[in-house]
Structure formats: C-alpha cells, structure tokens
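Asker: Sequence:
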Amino acid sequence: MKKYLNIIVVFFVLACQQKSNNLVEKYAFPKSLKEVSGLITLQNSDLMACIEDSGNKNEIYLLDSNGEIKNTIKINEVKNNDWEDITKDVKGNLYIGDFGNNENERKNLAIYKIDKDQLSSAKTKPTAIIQFAYPEQTDFPPKKKNRIFDVEGFVFFKNNFYLFTKNRSSKFDGTAFIYKVPNVAGKHLAQKVGEFKTGPNYQNYVITSAAISPDQNKLAILTHSKIIVFENFKDDNFLSGKKTEIDLQHFSQKEAICFKDNTTIFIADEKVKKSGGKLYVFKMQTPVQN
Numbered sequence: 192m193k194k195y196l197n198i199i200v201v202f203f204v205l206a207c208q209q210k211s212n213n214l215v216e217k218y219a220f221p222k223s224l225k226e227v228s229g230l231i232t233l234q235n236s237d238l239m240a241c242i243e244d245s246g247n248k249n250e251i252y253l254l255d256s257n258g259e260i261k262n263t264i265k266i267n268e269v270k271n272n273d274w275e276d277i278t279k280d281v282k283g284n285l286y287i288g289d290f291g292n293n294e295n296e297r298k299n300l301a302i303y304k305i306d307k308d309q310l311s312s313a314k315t316k317p318t319a320i321i322q323f324a325y326p327e328q329t330d331f332p333p334k335k336k337n338r339i340f341d342v343e344g345f346v347f348f349k350n351n352f353y354l355f356t357k358n359r360s361s362k363f364d365g366t367a368f369i370y371k372v373p374n375v376a377g378k379h380l381a382q383k384v385g386e387f388k389t390g391p392n393y394q395n396y397v398i399t400s401a402a403i404s405p406d407q408n409k410l411a412i413l414t415h416s417k418i419i420v421f422e423n424f425k426d427d428n429f430l431s432g433k434k435t436e437i438d439l440q441h442f443s444q445k446e447a448i449c450f451k452d453n454t455t456i457f458i459a460d461e462k463v464k465k466s467g468g469k470l471y472v473f474k475m476q477t478p479v480q481n
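Read left to right, the sequence shown gives residues 192 to 481 (my numbering).
Everything labelled a hint here was simulated from the structure, so no lab data went into it.
It cannot be assumed that every hint is accurate.
What the hints assert, rightly or not - Pairs of lysine-lysine residues, derived as BS3-like cross-links and limited to a Cα-Cα distance of at most 25 Å, are as follows:
# : residue 1 : residue 2
1 : Lys383    : Lys425
2 : Lys307    : Lys282
3 : Lys378    : Lys388
4 : Lys279    : Lys474
5 : Lys469    : Lys451
These figures come from a predicted structure and were not determined experimentally.
Let the hints inform the model, and build the full structure from the sequences given.
Answerer: Below, the structure written as structure tokens:
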C-alpha cells in the first residue's frame, strides 16, 4: 500500500475548479429532523433513508420524494453515539457509520449493517457490527494539533468501506486521511490507504460526507460549500482519478450527500436557527469540464 501513501497532492492548487449555481432546493425536512447527518437512496425505490447524529434517536427515517416520513425504523441493541453517515452495498443493504469523534477520544467506533429486508419494519437490529480503530492513534484524545481522527463521510466500494477523515486539528491545513475497513463483522485495524489536502481553511474545506455514484466511477466528497469529485480512478486508488472542485456558491452546515443517479446528487444541511434543514438537488455537468 506504499504506493497509496506516497500520493500526497495539494489538490486545491492543482485541481480543476468550477463555480456552479446548479444547487436547487427540493424541500425542507420535517421539523422533527433538524440534524440530518447522512442520507442514501434506496435500491429499486423512490424512498430515501436518512439518519441524525449524536444527541438524537437510534432510528432510520424513510422519506418520500416530498420529504414526508413514510417509515421510522428503530435500531435496537445499539446506541446513536454519533451516527455521521449512511451508505449501501450493491444488494441494497444499509450501513450506518457510528464514527463521529469530535474530541478524538472514542474507542467504540463501529459500522452497523441493516438488512434490506428489514426496511419496512418498525424496529430491527444490526445483522453485523464492524468495529475498528486507527493504528496511528495512540492517545485518546491526542494533542489538539493532531486531532484528525474524526470521520463524517464514508462509502462502500468492492466490499470494503472507505472513510474520509474530518480534520479537527488546531492548525487546520486541509489534510485528510483515507482509511479502509473490510465489510466483515468483528474488530479491525483500519488501514490508511491515502492522504490528501482539501484546501486551506476549515469553513470551506472540512469534510462532512461522501458518496459514490451507482456506476462506481465517481466519488463525491462534501464540505460546507463545495463538492470535491474524483472520477475515472484506478481500482480503489481514488486519488489517481481526475479531480474537480465544485464551488456551490452556497454556504451552510451541509452534512450529507448521496447520488440519485450517475449525474444527480442530493445534499442535506442541518437546521441552524432559521436557515438550513433542507434537501437540495445538484446536477453535475456531463462530462465534468476543465
């Protein structure tokens, strides 16, 4: 894996950059959902699944195309320590990322598998629990300058999970790590397979979610004001792909991203006072232009 670790690129300097006003508001989330932290479209369905993060219930909410909650699924036997993202495999099973780690002090990081056949139920429990730790982290918490072990975004790709760290260090420089965790129940050491820089300031370049397109050719990473897209990468070396930074020209506490299809993206932001708490649609250019 050394070939991955050697790819450290200052993307905000070298990347293709775009400005876009293609972000369109679709609807406001129900008032009960103020802190949507992850969302994913369901397979062979018009419904979308979403979750909320720490301080909220251990539930998955299924929404229709108008944002109405059609089903609430309580996930028994696990807590919502800090659910930060949700993804799916090619069969349609869902995975909840309980890996929010604001203070970089957690030792109970986990991913919960929810079987697709249980999505019409009122309650269920994980059919697998994947626990993991970062081998590079030795202090809980580390010094403030080394706090880079928070995660708010992950994707499922070729039977592995790929996690993108949220840099919470006192001297933010955009550094993000990519960790790989196998889709196997049990305890694992996450494998660091990449490192890159998103950009120079926390407000616009901190990673809050990630998604992969249905054709598996595009990886989208979300920040509060941008989408960073990698495409046509080789195998799981996402950093080998063409990289485009899209300025949404819209700043809010964006926390969740997913693909509807290969060119259409859904984005959610949290409710902050009188703003946010909405679902947006973003239509990508085809192909992404230089």
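Asker: Taking the hints in turn, state whether each one holds.
Answerer: Evaluation of the provided hints:
| no. | hint | result |
| --- | --- | --- |
| 1 | Lys383 to Lys425 | holds, 17 Å |
| 2 | Lys307 to Lys282 | holds, 8 Å |
| 3 | Lys378 to Lys388 | violated, 29 Å |
| 4 | Lys279 to Lys474 | holds, 21 Å |
| 5 | Lys469 to Lys451 | holds, 16 Å |
Checked against the numbered hints given earlier, the structure breaks only hint 3 and satisfies all the rest.
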